[in-house]
Amino acid sequence: MKKAIFPVGISVLLFSTSVFAKDFVLTDVATNLELASWQITSEELGLTDTSAFTVTKKTLHGGRQEGSTLITVETKDLQVSLIPTRGMDIFAIKSGDLRYGWTSPVDEIVNPAYIALDMRNGLGWLDGFNEMMVRCGFEWTGHPGREKDRLMSLHGRAGNTPASKVVVSVDDAPPHTIHVRGLLKENTFKFSALETWTDMSVTPGVKTVKIHDELTNNSDYDRDYQIIYHSNFGAPLLEEGATVAAPVKEISPFNDYAKKGLTDWRTYPGPTRGYDEMVFNLVPYADKDGRTVAMLRDKAADRGIAVRFDTRQLPVLTLWKNTDTLKQGYVTGIEPGTSYAYPRQIERTQGRVRTLAPNGTQSFDLEYQLLTSPGEIDAVEREILSIASGRPTKIIRQPIAKE
Amino acid sequence: MKKAIFPVGISVLLFSTSVFAKDFVLTDVATNLELASWQITSEELGLTDTSAFTVTKKTLHGGRQEGSTLITVETKDLQVSLIPTRGMDIFAIKSGDLRYGWTSPVDEIVNPAYIALDMRNGLGWLDGFNEMMVRCGFEWTGHPGREKDRLMSLHGRAGNTPASKVVVSVDDAPPHTIHVRGLLKENTFKFSALETWTDMSVTPGVKTVKIHDELTNNSDYDRDYQIIYHSNFGAPLLEEGATVAAPVKEISPFNDYAKKGLTDWRTYPGPTRGYDEMVFNLVPYADKDGRTVAMLRDKAADRGIAVRFDTRQLPVLTLWKNTDTLKQGYVTGIEPGTSYAYPRQIERTQGRVRTLAPNGTQSFDLEYQLLTSPGEIDAVEREILSIASGRPTKIIRQPIAKE
Amino acid sequence: MKKAIFPVGISVLLFSTSVFAKDFVLTDVATNLELASWQITSEELGLTDTSAFTVTKKTLHGGRQEGSTLITVETKDLQVSLIPTRGMDIFAIKSGDLRYGWTSPVDEIVNPAYIALDMRNGLGWLDGFNEMMVRCGFEWTGHPGREKDRLMSLHGRAGNTPASKVVVSVDDAPPHTIHVRGLLKENTFKFSALETWTDMSVTPGVKTVKIHDELTNNSDYDRDYQIIYHSNFGAPLLEEGATVAAPVKEISPFNDYAKKGLTDWRTYPGPTRGYDEMVFNLVPYADKDGRTVAMLRDKAADRGIAVRFDTRQLPVLTLWKNTDTLKQGYVTGIEPGTSYAYPRQIERTQGRVRTLAPNGTQSFDLEYQLLTSPGEIDAVEREILSIASGRPTKIIRQPIAKE
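Chains as they are written, first to last, in our numbering: chain A, 950 to 1352; chain B, 950 to 1352; chain C, 950 to 1352.
Heads up, a few of these hints could be off.
Any copy, or any two copies together, can satisfy a pair, since identical chains are not distinguished.
Quick list of in silico lysine-lysine cross-link-like pairs, BS3-like style, CA-CA up to 27 Å [as the list claims (entries may be wrong)]:
{"no.": "1", "residue 1": "LYS971", "residue 2": "LYS1159"}
{"no.": "2", "residue 1": "LYS1139", "residue 2": "LYS1208"}
{"no.": "3", "residue 1": "LYS1351", "residue 2": "LYS1097"}
{"no.": "4", "residue 1": "LYS1276", "residue 2": "LYS1209"}
{"no.": "5", "residue 1": "LYS1248", "residue 2": "LYS1198"}
{"no.": "6", "residue 1": "LYS1208", "residue 2": "LYS1343"}
{"no.": "7", "residue 1": "LYS971", "residue 2": "LYS1043"}
{"no.": "8", "residue 1": "LYS1343", "residue 2": "LYS1198"}
{"no.": "9", "residue 1": "LYS1208", "residue 2": "LYS1351"}
{"no.": "10", "residue 1": "LYS1043", "residue 2": "LYS1139"}
Note that these hints are calculated values from the structure, not bench results.
Work out the full structure, taking the sequences as your base and the hints as a guide.
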């Protein structure tokens, strides 16, 4: 028999006849709840049929991170931290001594209250950018642009939206998957009623972090949406000789600067002074169910990460090679999306701005699989070859758009 | 004999020889005070010669409402909530099962720390707009405009200004009127030293909410001011066949789109897909003391609201018919003001930007009278007829300005 | 023997073999620390060989100052308050009944969460300006300008940056100088990795407040920087007949309006309706070590302040005469800097934008010496004469730039 010990006053239990589900509400605007700190352990939940885990929430203090919150899920295999006050973004994943994420000059987890997205002609987002995964959307994404003289700042608002509801759930049945769900509201009178339930889940014993987001258009009108899952990895995984692999149907340079990178786009240089960023637009091949995978691995091919996604939801992939110096932010982005990173007016012209009908819902599923052995990397490489199954890569040598 | 029981440490009592006044300071920058929560009841005050009332303050949490505050005054007749952190605006009034206010896609009471008024070329105000009454002013109001290349964002700053001092007062003498007063500072070096003491009062036993604001120009120079009391009502009061009544001296369409609404501007359609908003500029007739009244009532003419104001203070009335779908925000605005909603440069050209001399003070008085019976509605209709006293309505068929 | 009594849990003690240093960390993003309130006294530290002192931190509440913090150092000679949440700026210094600082229409210590620097085409900084000393920098400073279509708002970001680490230190050895140090991070991905350790120090028994800032470029690239120490003084020190003195090598009017003030720039009028501001660009002479001093004194020449700085670090001096009415903000600025107050593109053209190499550090040293007797003022006047040592002042009669 399980013995459940809950911290007093901070848990919500939902009983039904046969299922014993555990939901812990940490934030809820409807009930005026924002727990400053909180923790639950598998031991407290009486879960003895799984490896131990802990879920912790804390509130951050000092500088521009004053009032930010951070939730950390820790299993024996990995530790993942996400930021409710910044769009439920993933700050970093750790597995053993390996950290997935990167080192930005922005070293605080910035409270959006201190961010002005319109700064520097729409680049205010850069004042807070340091996450392993940022949701860039959903009303708009990409480089700053203007429609009807209105500035759409870099990469939209979701990543600087504090979650309105946050729920930690632990599946009753083994393997007791842990979910951290958050509700993001991009609500603006006349303009937007996009709400997204984000779900980040981890199963004890599995080295994968899953994302399942559900975007709903709560308005009575068709609404455009765009999303880029800006997934970013730096050293030590990223290094000279590290490579990216994907079943690529088509690739084009984002701009003129990236043209010269077309020949060796799969390989990374070490930290390179003056490199800045080279960006490529990719269309991936997918399996019969629309699923595909991209992988970043280190030079020795013994550690890496696989980013799996559904091309019916996220048809394009931006590859962001920002292999500048370490201090400048040595990082690469593997970014599944509905759009490339061009301003919305360009994405619209080229047909990559999608529309959601009234009450329409669109799901987005991604997985970050941590690869910690040559065998795991080899398996993903074979999977990529299998998806491509000998089909060619079309190389477009000129940028498909000019900013 | 009255027996006063005060919560320890959170009340300020002012005694004078003959008057026993009760002032409760809830916020005060001068004494560094911001009570997170607070309550007082007529019982605790020992007031047995009136119907019971309660005044409550709480701090809100989660999402973009983190840190917002809300004060609720509840008598046997009505419940009114107002938002100290958002310009002392009225969030909603309830009377029995009837809620006066509306349902915006913005469903949180947003802390101004999360608002950037300049967003979308000056439409950031829409990220927080959901109140029954918003003060749109006082330095400027109306649609976004530019003077000297400076953007004046939609509807000014007052509604996104957290109050610097908040005082709840209960009259010692019956009927023990309850006042909630707040100090709004629109202070900017070189530009503005406008301070407004807002006063919202409710008398137990009376179904009226009164506003008495005093705007002071603390600068040594003449300062322009504008104000629109953006008073908004949705369903169930607003419905197909609901009507608005006022003693109208002159009416004009705000823009070309509103021209076709001139014939039936007094009647509301039900929620209408694609309606967007139709706006009319009205000049009301007033009684010999300058007082006038506008009324919104439901189709059955058994429930409504009367908005009374002083035309010497607030000479014009904007009628905002936003009878779009429910989710889009089905709402009408009855908006007494010094200005219409044109950008300030247009209002200035047409002579509706007022000036306050150094140390000058201007009062603004409004009343929201809840009408909950056919008889009450009938009385207000007769009052409106009496004010108009047979005088004609001048209909101007073309917009008086182009944005 | 000294007896040290420390508040439990809020002090960090660093012991070494021979030095007994006391560091109190009040804010630290690295350890997630932000003390809401704190105090230490010389008595608690067991320091009996000095005059008594107190250091206090508090958190401010209400209005737009909600969440601001204030640290006050009080010795028998002076009281100085500084604002960790606003760039470690000095709010005011008091000595006896004399207050150094000024009275701005902005009378709250505004939390930067409520500031939008881009407002009014880059004048949002004016919504919070009321300090005796504001750091205007470091990425840029001066009047709003644009480079690459990006708005650089008035006087940069440092003054609206909350400190990421705050440490109060008391020297173990007599005279037990008190340091308040703060870390300001102007970190933006791709753009800026400027970090500044500010140090404000006061020695019990000495009527001087010292500033020692160390700006570091943490990026791998050369970075431009600019700084103006905007030091502001109003009544009672500033009055009709008050004068400013400095060893001036060169002076020019900031704009056409200031041309007519060239003849009597050393003397101040009383509060003057319509005066607005007159600004002068000064190049000071320095002593052989590059040190110089400017002094503001009252009419009677019995009270004043000397501002000392190092011309190798801060080669130019802006004199801001804002002798408008009291309510408008009657104030003068004595502002040592690397730049004048022109927009950055002008400062760049004229060679006053400096560059810091990767990992480069630049120090800035200033002293505010409170002068409270005719003898002290006389001494500084003689010092100024000595520095000038009969060398001429070059008067440039036309503005050196047009905005």
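Against the structure, the hints come out as follows:
1. For a Cα distance limit of 27 Å, the shortest separation of LYS971 from LYS1159 inside one copy, 19 Å, qualifies, whereas the shortest one across copies, 48 Å, does not.
2. Only between protomers do LYS1139 and LYS1208 lie at most 27 Å apart by alpha-carbon distance; the minimum there is 21 Å, versus 41 Å within a single protomer.
3. Taking the shortest alpha-carbon separations for LYS1351 and LYS1097, both the intra-copy value of 19 Å and the inter-copy value of 17 Å come in at or below 27 Å.
4. For the identical chains of this complex, LYS1276 and LYS1209 are intra-copy neighbours only, at 24 Å inside a copy versus 50 Å across copies, given an alpha-carbon limit of 27 Å.
5. When the C-alpha separation of LYS1248 and LYS1198 is checked against a cutoff of 27 Å, the pair qualifies only within one copy, where the shortest distance is 24 Å, while the shortest distance between copies is 62 Å.
6. When the C-alpha separation of LYS1208 and LYS1343 is checked against a cutoff of 27 Å, the pair qualifies only within one copy, where the shortest distance is 14 Å, while the shortest distance between copies is 56 Å.
7. Within a single copy, LYS971 and LYS1043 get their C-alpha atoms as close as 25 Å, which meets the 27 Å cut-off; across copies the closest is 36 Å, which misses it.
8. Proximity of LYS1343 to LYS1198 under the C-alpha cut-off of 27 Å is restricted to the intra-copy arrangement: shortest distance 6 Å within a copy versus 68 Å between copies.
9. Proximity of LYS1208 and LYS1351 under a CA criterion of 27 Å is satisfied intra-copy only: 13 Å inside one chain copy versus 42 Å between copies.
10. Proximity of LYS1043 to LYS1139 under the C-alpha cut-off of 27 Å is restricted to the inter-copy arrangement: shortest distance 25 Å between copies versus 42 Å within a copy.
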